[in-house]
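Participant: Chain by chain, the residues:
2 protein chains.
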Amino acid sequence: MSAGIVDIATATTGEHVTNAFFDSIGLTDEWIRRRTGVAARWWMDPAEPLEDAAARVCAPLVARHGGRVDITTLIIVSSSTGGAMPGIAQRAAKQAGLATDVLTFDMTAACSGFVYGMISALSLCESADSGGVIVCAVEAMSRMLDKTDRNTAPLFGDGAAAVLLESRNVFRKYRWHAGCDGDRADIMRGEINGGIHLDGIHVYDRAVRMMSDTVNRLRDGDIEPTIVVGHQANSRILQKVREQVDVGDAVFVDCVEQFGNTSSASIPLAVGACVAQRSIPLTGRSILVAYGAGEAWGGGDVVGGGGAFHLVEEPQSLLCEGKRNGLPFVAPHGDGF
Amino acid sequence: MSAGIVDIATATTGEHVTNAFFDSIGLTDEWIRRRTGVAARWWMDPAEPLEDAAARVCAPLVARHGGRVDITTLIIVSSSTGGAMPGIAQRAAKQAGLATDVLTFDMTAACSGFVYGMISALSLCESADSGGVIVCAVEAMSRMLDKTDRNTAPLFGDGAAAVLLESRNVFRKYRWHAGCDGDRADIMRGEINGGIHLDGIHVYDRAVRMMSDTVNRLRDGDIEPTIVVGHQANSRILQKVREQVDVGDAVFVDCVEQFGNTSSASIPLAVGACVAQRSIPLTGRSILVAYGAGEAWGGGDVVGGGGAFHLVEEPQSLLCEGKRNGLPFVAPHGDGF
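Heads up: the protein sequence lines correspond to chains A and B, in order. In terms of our numbering, the first sequence is residues 1398 to 1734. In terms of our numbering, the second sequence is residues 1398 to 1734.
FYI, nobody ran anything at the bench for these hints, they're computed from the structure. Incorrect hints may have been included.
Identical chains blur together in the list; that is why a pair holds if it fits in one copy or across any two.
Derived lysine to any residue pairs resembling SDA-like cross-links, with alpha carbons at most 25 Å apart [said to hold, decoys possible]:
(1) 1720 <-> 1609
(2) 1637 <-> 1498
(3) 1720 <-> 1645
(4) 1570 <-> 1498
(5) 1570 <-> 1591
(6) 1637 <-> 1610
(7) 1570 <-> 1420
(8) 1637 <-> 1497
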């Protein structure tokens, strides 16, 4: 028996910021799209506690599965919690409706956080041989960002997504690969209210190399992947990775246009958006791969007999709630972008 | 096959601060000892990067075991990294001499961090059925502390400790229990340069209750524990827990006097000090239990045929390096306190 993803919920809230916002710092929509692929991103309400954003995506998983499976663990991954003690995992658990007998912790590995959280969750599921684990990625990168910095302001967005992982007979043994190079910790760094620093060209080269290498390592197997979801940092990076890996006809997901780089939340937000739009196959093998600050990179694959993501029921209806052009609105992901 | 702890290294560095320091805020040595059990604590050099402190205890484990076992993962647990991106795990890995194909991440669950890191590490070991995982707790609580706050200044100390966990036939299946209550997140909180807030009476009652309850849950088994190590927050809390649990003749460890409350580092620092002094049995079953900010609490047990901690060789000679009464010195733990 092995473990895999059985359900997903995502949410983006706050201000829907199109590229027009950056006219004031001399960046055009055309220039931003060409360089990054980003057309719009969400910036969370600055006053919203991050645990509220996490609970918003964990709660539907708890409501839908909490009566059926013992959810033993909640792992919150984030680059933007700010480092106060305690973290946000315990408050998010309470607000999401989890019981008090749950293992809860905050994890950070920058943009690789979701993949690393998933690896940890899969091993907890497999080792316990029962029960479910929620991995929730929640990011408010807008709180780090210097919105007047032409190098980084248009790149980053906010969002939250949670997946439920379980041990089931339908899953085959997952595999993972990870790596890091602490000597390159300076090429990407940031802190709340402190701006984000990116050594752009260096990061571009390393992201392509380490994500391609990771996919190729995970690729050495007997099962053709049906979906590859890379960290959604930049469409040009994703295109280059696509050229350098042999993944046959796998769907190679790119949602950078809709969300920008949402750090650890980018992979599950992309999966959620694709699932909602029925634009990816749910059968077969999926490879999720990331690269980011640390440096830390890695990937995992999830193989399910009934589906790479063995979604138990219709995934959570995915909503964007916030303001567009200054007016409140609610819309499913992908609508109106 | 299951997993357990095979080696440990610890270190305390910086300024060795005795209770005399607090005369200036009107607290006597006698009063501090009676209320908390603390006689002295270490405060790390404010300029020392936390990853350096982590690497100091991880490096001996890598040097001694890296050629024998594939160390696949480094988990850094800390309450005091400060939340910048990236965290410190990747830099610590590099400085400790680990290769670049290692899974590295930062985890926080306040004072329960080490126990939670150990639970995650045990599952990673067991799920992979090979390889080793290092869990390193590193704390500079002195960087949060308002050293003029009579309620909290004498309580907290700094330190670092790392354990290597592996899958081996000598280990029996470990067990764990964890819980949280996010509605009580306000009873203990802190941030770098922001002071630490403690609702003392509330925390005391809850710490006793949740640690006792956790030990009793883990106690329901066929193997009598030989060692119980609770979170070293306060000797009075530990005494009360000791009274409320049925652990037979188990050694109940209290090193609060030497180190103060070092948050996530307190349990492995205590284990390391006892191992160095040959003051705990290394055979049988050990229960490690914590309670802290979040709230988050929990415990795990490790059972080894050859020893609860199956130490492969003599544990790292444990050194305190720093200044005492303003003069540089180096001494083994427990010497001269």
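Participant: At most 25 Å between alpha carbons: which applies to residue 1637 and residue 1498, within, between, both or neither?
Facilitator: between (45 Å within a copy, 23 Å between copies)
Participant: Are the CA atoms of residue 1570 and residue 1420 at most 25 Å apart within a copy, between copies, both, or neither?
Facilitator: neither (49 Å within a copy, 60 Å between copies)
Participant: Is it within a copy, between copies, both, or neither that the alpha carbon of residue 1720 lies no farther than 25 Å from that of residue 1645?
Facilitator: neither (40 Å within a copy, 62 Å between copies)
Participant: With 25 Å as the alpha-carbon cut-off, assign the pair residue 1570 and residue 1591 to within, between, both or neither.
Facilitator: neither (42 Å within a copy, 46 Å between copies)
Participant: How would you classify residue 1570 and residue 1498 at a CA-CA limit of 25 Å: within, between, both, or neither?
Facilitator: Between copies only: 20 Å across chains, 28 Å inside a chain, cut-off 25 Å.
Participant: Is it within a copy, between copies, both, or neither that the alpha carbon of residue 1720 lies no farther than 25 Å from that of residue 1609?
Facilitator: neither (37 Å within a copy, 49 Å between copies)
Participant: With 25 Å as the alpha-carbon cut-off, assign the pair residue 1637 and residue 1497 to within, between, both or neither.
Facilitator: between (45 Å within a copy, 23 Å between copies)
Participant: Evaluate residue 1637 and residue 1610 at a C-alpha cut-off of 25 Å and name the case that applies: within, between, both or neither.
Facilitator: The answer is within: 12 Å in one copy meets 25 Å, while 54 Å across copies does not.
Hints 1, 3, 5 and 7, counting from the list given before, are not met by this structure.
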